[in-house]
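Trainee: In this text, residue positions in the sequence shown follow our numbering: the first is 4, and each later residue adds one.
Everything labelled a hint here was simulated from the structure, so no lab data went into it. One thing to keep in mind: the hints can contain errors.
Unchecked claim - The calculated label-pair distances, taken between Cβ atoms and stated as ranges, are: (1) Pro217 / Pro78: 48 to 56 Å; (2) Asp20 / Thr105: 21 to 29 Å; (3) Gly127 / Asn27: 26 to 34 Å; (4) Tyr28 / Glu110: 23 to 31 Å; (5) Asp18 / Pro78: 19 to 27 Å; (6) Val227 / Gly97: 33 to 41 Å; (7) Trp39 / Ala62: 17 to 25 Å; (8) Asp224 / Ala158: 46 to 54 Å; (9) Ser37 / Thr236: 54 to 62 Å; (10) Leu132 / Arg56: 18 to 26 Å; (11) Gln152 / Gly214: 38 to 46 Å; (12) Gly214 / Pro78: 41 to 49 Å; (13) Glu235 / Ser44: 43 to 51 Å.
Claimed, not checked - Subject to a maximum C-alpha distance of 25 Å in a straight line, what follows is the list of computed DMTMM-like cross-link-like pairs (lysine to aspartate or glutamate): (14) Lys42 / Asp52; (15) Lys42 / Glu69; (16) Lys42 / Glu93; (17) Lys42 / Glu99.
Note that the coordinates shown come from a computational prediction; the quantities given were computed from them, not determined experimentally. The beta-carbon is built from N, C-alpha and C at its ideal position, and this holds for glycine as well.
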Amino acid sequence: MPLYIGQQLSALHRDIDTATESINYQWYTLSDPSGWEDKQSILGATGPDYTVRAQDVNAGDWVGVEASLLITGNPIPYVAQAVSAMAAMEATSGDELSLRATITPIEIYTDSVLGYHAVLSRNGASELLDPNTLTETWYAIDDLSQLTQSSATWALLDTSNSLENYQGQYVVLELNYDDGVDIVSATHISATVVQNTPTPGDFAQWFSLIGLDPNNPAIVDSNVYLTDNIGETVAPSATTYGVDYSYISNMAPSVSYRNLEALVN
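Assemble the whole structure, with the sequences as input and the hints as a guide.
Mentor: Given below as C-alpha cells:
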C-alpha cells in the first residue's frame, strides 16, 4: 500500500529500562530502501513518531528511522535501522492522509474479543469513518522483529475463535481504508502479548470509562476520573484496585505524559 504525504509513522521496539537505558531517534529520507549511505536527515524529526510532510519528503523518497540504544556503562550505542515499505507519494485526492488505529483490549487474554479504534486524519483534521470504507486482517507474530518482514510471512489469526493458540504472541492488525478515491493502509501491533489465562472474572465489574470535567473543551486543569459502564459496579479504591492515567497526543502516540499540562506543553 502507498505511503501518502501526511501519514504518521512510528518506531517500534521492546520496552526499555528507563533507569539504565535511553533511545535517540533520527528520521531520514532515502533515495531507495537500501540507500542509507546517502541518507538525508529530516530537520527536527528526532522522536519515535514522524508525520510525513511535503516540506521534508519528495514524492519517490523512502523514509527511514535510525534508533540508537544507550546503556549506562556502555559508551558504544546499539543502532537499528528501519525503512518504510513504500516510497512516499501524493494521494489521488491531493489531501494529506493518515490512518491510525488502537487495538482493543490493551491487555489481551485467551477469551478476549479483538477490536480497534481507528482515526483518519485528512489535512490535519480528524474525520468520522464510515465502517464500509475499512477492511481488516488480523495476524499473530512471535517477535517484534517480524514486523520488518512481509505480512505474507505472518500467521493469520481467526478472531472468531479463542486466542488460546496465540499465547505469548503479539497481535497485528492490518487496516485498509478505501473511499473509492484514496486507499490508505496502516499496520498496528498489540501493546502486549496474548496472556496465558482467560480474563480475570473481577475485571467485568471494574469501572472502564474515563471522563474529563470539564471536557467540552478540556483544559489543562480538567479533572480525570473513572466511571462505570453498563453492568459495572466496583469503583477504584484502596481495597479494590488502583488507576494510573497516561496522557497521549495523537501527534505523538508513542510518547506518554504525566498530566494534561505536560501534554499541552
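Trainee: Compare the structure with each hint and give your call.
Mentor: Tested hints:
1. The beta-carbon spacing between Pro217 and Pro78, approximately 50 Å, falls within the hinted interval of 48 to 56 Å.
2. Restraint check, Asp20 to Thr105: a C-beta distance of roughly 25 Å satisfies the suggested window 21 to 29 Å.
3. Look at Gly127 against Asn27: about 27 Å separates their beta carbons, and that is inside 26 to 34 Å.
4. For Tyr28 paired with Glu110, a C-beta distance near 27 Å keeps the hint of 23 to 31 Å intact.
5. Range check, Asp18 to Pro78: about 23 Å between beta-carbon atoms, so the 19 to 27 Å window is met.
6. At roughly 39 Å, the beta-carbon separation of Val227 and Gly97 lies within the given 33 to 41 Å, and the hint holds.
7. For the pair Trp39 and Ala62, the supplied restraint of 17 to 25 Å holds, since their beta-carbon distance comes to about 20 Å.
8. Checked against the given bound of 46 to 54 Å, the beta carbons of Asp224 and Ala158, roughly 47 Å apart, stay inside it.
9. Evaluation of the 54 to 62 Å hint for Ser37 and Thr236 yields a pass: the beta carbon distance comes to about 57 Å.
10. About 23 Å separates the C-beta atoms of Leu132 and Arg56, a value consistent with the hinted range of 18 to 26 Å.
11. Checked against the given bound of 38 to 46 Å, the beta carbons of Gln152 and Gly214, roughly 41 Å apart, stay inside it.
12. Distance hint check: the CB atoms of Gly214 and Pro78 are about 48 Å apart, consistent with the given range 41 to 49 Å.
13. A hinted range of 43 to 51 Å holds for the C-beta pair Glu235 and Ser44, which are about 49 Å apart.
14. With a C-alpha separation of about 18 Å, the suggested pair Lys42 and Asp52 falls inside the 25 Å cut-off, and the hint holds.
15. As the CA atoms of Lys42 and Glu69 are separated by approximately 11 Å, the hinted pair is consistent with the 25 Å bound.
16. Between Lys42 and Glu93 the CA atoms are separated by roughly 21 Å; this keeps the pair inside 25 Å, and the hint holds.
17. Our distance criterion of 25 Å between C-alpha atoms is met by Lys42 and Glu99, whose separation comes to about 24 Å.
The structure meets every hint from the earlier list without exception.
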